[in-house]
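Undergrad: Here is how the chains run, residue by residue.
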Amino acid sequence: MPAASNRIIALSALLCAGGLADAAPATAPAAPRAEVLHWWTSGGESAAVRTLADAYRAAGGIWLDTAIAGSEQARAVALSRIAGGDPPTAALFNASRQFRDLIDQGLLNDVDAVAEREHWSQFLPAVLLDTLRVNGHYYAAPVSIHMPTWIWYSKAAFRKAGIAAEPRSFADLFAALDKLKAAGLIPLAHGGQAWQDNIVFRAVLANEGGADLYLRILRDRDPRAIASPEFRRVLLTFRRLHAYVDAGSPGRNWNDATALLITGRAGVQIMGDWVKAEFASAQQNAGRDYGCIAGFGPRSPYIVQGDAFIFPKSADPQAPRAQQLLAATVTSGAAQLAFSSRKGSIPVRADIDASTLDYCARLGVEIMKDKSRQLGNDEAYLTPDQNGAMADVLTDYWNRERDVAQVQKSIAAALRD
Amino acid sequence: MTSVIRRRAPLRAALNPAWFALLPMALAAVVVYLGSFLWSLRISLTGSRSLPLHDYVGLAQYQRLFANDRWLHSLQNLAIYSPLYLAGCLALGFLLALLVDRQLRGGGALRAIFLYPYALSFIATGLIWQWLLNPELGIQQAVRAWGFPAFRFDWLVDQDHAIYAIVLATIWQGAGLVMAILLAGLRGIDPDILRAARVDGVPGWRVQTSIVIPMLGYAFATAALLLLTAAVKLYDAVVAMTQGGPGTASEVPAKFIMDHLFGRANLALASAGATVMAITVVALLAPLLYARGRAARVRA
Numbered sequence: 001m002p003a004a005s006n007r008i009i010a011l012s013a014l015l016c017a018g019g020l021a022d023a024a025p026a027t028a029p030a031a032p033r034a035e036v037l038h039w040w041t042s043g044g045e046s047a048a049v050r051t052l053a054d055a056y057r058a059a060g061g062i063w064l065d066t067a068i069a070g071s072e073q074a075r076a077v078a079l080s081r082i083a084g085g086d087p088p089t090a091a092l093f094n095a096s097r098q099f100r101d102l103i104d105q106g107l108l109n110d111v112d113a114v115a116e117r118e119h120w121s122q123f124l125p126a127v128l129l130d131t132l133r134v135n136g137h138y139y140a141a142p143v144s145i146h147m148p149t150w151i152w153y154s155k156a157a158f159r160k161a162g163i164a165a166e167p168r169s170f171a172d173l174f175a176a177l178d179k180l181k182a183a184g185l186i187p188l189a190h191g192g193q194a195w196q197d198n199i200v201f202r203a204v205l206a207n208e209g210g211a212d213l214y215l216r217i218l219r220d221r222d223p224r225a226i227a228s229p230e231f232r233r234v235l236l237t238f239r240r241l242h243a244y245v246d247a248g249s250p251g252r253n254w255n256d257a258t259a260l261l262i263t264g265r266a267g268v269q270i271m272g273d274w275v276k277a278e279f280a281s282a283q284q285n286a287g288r289d290y291g292c293i294a295g296f297g298p299r300s301p302y303i304v305q306g307d308a309f310i311f312p313k314s315a316d317p318q319a320p321r322a323q324q325l326l327a328a329t330v331t332s333g334a335a336q337l338a339f340s341s342r343k344g345s346i347p348v349r350a351d352i353d354a355s356t357l358d359y360c361a362r363l364g365v366e367i368m369k370d371k372s373r374q375l376g377n378d379e380a381y382l383t384p385d386q387n388g389a390m391a392d393v394l395t396d397y398w399n400r401e402r403d404v405a406q407v408q409k410s411i412a413a414a415l416r417d
Numbered sequence: 418m419t420s421v422i423r424r425r426a427p428l429r430a431a432l433n434p435a436w437f438a439l440l441p442m443a444l445a446a447v448v449v450y451l452g453s454f455l456w457s458l459r460i461s462l463t464g465s466r467s468l469p470l471h472d473y474v475g476l477a478q479y480q481r482l483f484a485n486d487r488w489l490h491s492l493q494n495l496a497i498y499s500p501l502y503l504a505g506c507l508a509l510g511f512l513l514a515l516l517v518d519r520q521l522r523g524g525g526a527l528r529a530i531f532l533y534p535y536a537l538s539f540i541a542t543g544l545i546w547q548w549l550l551n552p553e554l555g556i557q558q559a560v561r562a563w564g565f566p567a568f569r570f571d572w573l574v575d576q577d578h579a580i581y582a583i584v585l586a587t588i589w590q591g592a593g594l595v596m597a598i599l600l601a602g603l604r605g606i607d608p609d610i611l612r613a614a615r616v617d618g619v620p621g622w623r624v625q626t627s628i629v630i631p632m633l634g635y636a637f638a639t640a641a642l643l644l645l646t647a648a649v650k651l652y653d654a655v656v657a658m659t660q661g662g663p664g665t666a667s668e669v670p671a672k673f674i675m676d677h678l679f680g681r682a683n684l685a686l687a688s689a690g691a692t693v694m695a696i697t698v699v700a701l702l703a704p705l706l707y708a709r710g711r712a713a714r715v716r717a
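If you read the protein sequences in the order shown, they are chains A and B.
So for the first sequence, the working numbering puts the first residue at 1; every next one is plus one.
So for the second sequence, the working numbering puts the first residue at 418; every next one is plus one.
In case anyone wonders, no lab produced these hints; they're calculated from the structure.
Glycine included, every Cβ here is placed at the ideal spot set by N, Cα and C.
Each hint should be verified, as a subset may be incorrect.
Computed far set for chain B versus chain A, every beta-carbon distance over 12 angstroms [as the list claims (entries may be wrong)]:
id, residue
1, 441
2, 455
3, 458
4, 496
5, 605
6, 608
7, 628
8, 632
9, 711
To give an idea of the chain A side of the interface with chain B (calculated C-beta under 7 angstroms), a few residues [said to hold, decoys possible]:
id, residue
10, 70
11, 72
12, 76
13, 79
14, 167
15, 192
16, 193
17, 247
18, 399
19, 400
Please model the entire structure based on the sequences and the hints provided.
TA: Structure, rendered in structure tokens:
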């Protein structure tokens, strides 16, 4: 860290010197300074965020890093600093309704100038764009697209259980899980925490229910869809998966579940593409040691879970310049490629060559080319409060035998408010 | 003449340097505690989400709160947890205090060992017990490996027993403090009383129940007060051990409030929960404090 701050000082000294040489000191613009608040603290994540900081510095800015472990804690700090009048220049949020209150209260600067100059509307997926663009103004700069409901499998475990082909439907998946169980392995490596139960639910909703039902439930909160027999089937399939987890599942962290796949003790995990960092740090390769299934069938949806920087208003008159430079830098093609390869996500731009990314990411980029297969994450449609209330119902149902009709009623009630 | 003296006395009391010394603390208590309470109360009557707003919605948040399954389940868990935690800590703490008080050789070392868990945070306690109670790693696995393959101890991952696992871990953590408080009380009992009881041939258990425990009344009350506040604000041990799971089986009110305050960006609902908890605690403690105050006045 001292090395980094020395570099910042050296760089700013250099820039100041340049300014002095070129123009009168009074009019010399200081280098844009951006304090960036984010939650990317694990090994792979900090390597990824470093590429953004390097790109910002190369573009002439000064990047001040404020990393806070835990996305919820980081957002809580950002919110209280904004409410307290001491906001960071940029703060990381999920591209979702999480910052809608801030927009409504007039606390964010827009980055329309950058978005229009760079034609964001032409290369950003619509589901991502809808979370950033409110009333025609752009309030956040997207940095990554994660897909939360990948189905990962250990090739070693599949070989041991005698499973020859990759599952192509839920029927195949259940057959594979049965074989894994018969071979004495943990069929489904699952971390029994509410948000992970929720990920499994969304995987079933998107693949078994389909894109249409997904949107009617999460976007429209349609009581008829929630009461429908199709949704009942989704809930039953979701619950059926519970029979394939091991006794140690409740409370387990997602990366401990991934470790079960890495060591070949478990067969399948349903989780976001951030697990690739775990496989990578164990020297395992996509396609060789583990497989990734984005969904079942040629029309299976791709759920877009975006991360984006928001730009709070502040008393500092220089802030908008620093914010716009940041918005332009993090969305540039080169920064997107460098960042995605370390983060495990895919680039937010559809107009760049993704052939250098790993096998699963290329698969994702390919699916994203079909606009009809893009779906927003639950948070893109629901308020954090509605989403949390539904997660409470789902985690309760996952852990406890309950009448499905009751669960449908509870979900309808959770989404009503 | 007498009325003049009577009127001056409070003034003199108010000018007492001790009161000046206490003033900053008193101000902090009023501003920080009472101020925060009033602020929460106000927010709980609004529709605030991520940020505080002033759109008053009456008691709508309280209606929503008491229609919420998770909140009701949290209250129920607290009702199970608090008495067990209190009783467990007091009983175990008292036994430990007696043990250490017997002036055994190594009593000092024992006292340090028993008090040591209290020096750990709830998070560390929770993590240790999470490992111990994890059926794949901890006690269950160890006993099975010793040749009892049918042994079961899976409270932590069992819907019906998860809250008791938390009781167990937090008693282990809290009993040491009770021991330290009661030990101080025990050392304050005049040994002549105990000697007199022995001369009179009073049996040992009777000495404890009729002499020692009543004389430790204030020490027990202090310990109980500390334990009760710890029980009401129970949060970190749950987060470290179960995250409220499996499902919502071990959810507690403080966790409901924290989740809604930040992750779920619903300041108003969280404030309503906090207000309900504060009022409950005051309602429980007020009669207790009143009775104590009365008893003290009667004795004076």
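Undergrad: Could you run down the list of hints and mark each one as holding or not?
TA: These are the hints, each one checked on the structure:
Its beta-carbon lying about 24 angstroms from the closest one in chain A, residue 441 of chain B satisfies the requirement of being farther than 12 angstroms from that chain. Every C-beta of chain A lies more than 12 angstroms from that of residue 455 of chain B, the closest at about 18 angstroms, which supports listing it as non-interface. Residue placement check: residue 458 of chain B keeps its beta carbon more than 12 angstroms from all beta carbons of chain A (closest about 19 angstroms). Residue 496 of chain B, annotated as away from the interface, keeps every beta carbon of chain A farther than 12 angstroms; the closest lies near 19 angstroms.
In this structure residue 605 of chain B is separated from chain A by more than 12 angstroms, as the shortest Cβ-Cβ distance comes to about 44 angstroms. Every C-beta of chain A lies more than 12 angstroms from that of residue 608 of chain B, the closest at about 50 angstroms, which supports listing it as non-interface. Annotated as non-interface, residue 628 of chain B keeps its C-beta farther than 12 angstroms from every C-beta of chain A; the closest such distance is 47 angstroms. Consistency note on residue 632 of chain B: stated as away from chain A, and its beta-carbon is indeed over 12 angstroms from all of that chain's, at 44 angstroms minimum.
Separation of residue 711 of chain B from chain A is adequate, the least Cβ-Cβ distance of about 43 angstroms exceeding the 12 angstroms criterion. Checking residue 70 of chain A against chain B: minimum C-beta separation of about 10 angstroms lies over 7 angstroms; hint violated. For residue 72 of chain A, the interface hint holds, since its Cβ comes within 7 angstroms of a Cβ in chain B; the closest pair sits about 5 angstroms apart. The interface hint given for residue 76 of chain A is met, as the beta carbon of that residue sits about 4 angstroms from the closest beta carbon of chain B, less than 7 angstroms.
Because the closest C-beta pair between residue 79 of chain A and chain B is about 6 angstroms apart, less than 7 angstroms, the hint holds. The closest approach between the C-beta of residue 167 of chain A and any C-beta of chain B is roughly 26 angstroms, which is over the 7 angstroms cut-off, so the hint fails. Taken as an interface hint, residue 192 of chain A checks out: its beta carbon lies about 6 angstroms from the nearest beta carbon of chain B, inside 7 angstroms. The interface hint given for residue 193 of chain A is met, as the beta carbon of that residue sits about 5 angstroms from the closest beta carbon of chain B, less than 7 angstroms.
Hint status for residue 247 of chain A relative to chain B: holds, with the closest Cβ pair at about 5 angstroms, below 7 angstroms. Here the hint on residue 399 of chain A is kept, as its CB sits about 3 angstroms from the closest CB of chain B, short of 7 angstroms. With a least beta-carbon distance of about 6 angstroms to chain B, the hint placing residue 400 of chain A at the interface is held under the 7 angstroms criterion.
In the structure shown, a violation is registered for the earlier hints numbered 10 and 14, in ascending order.
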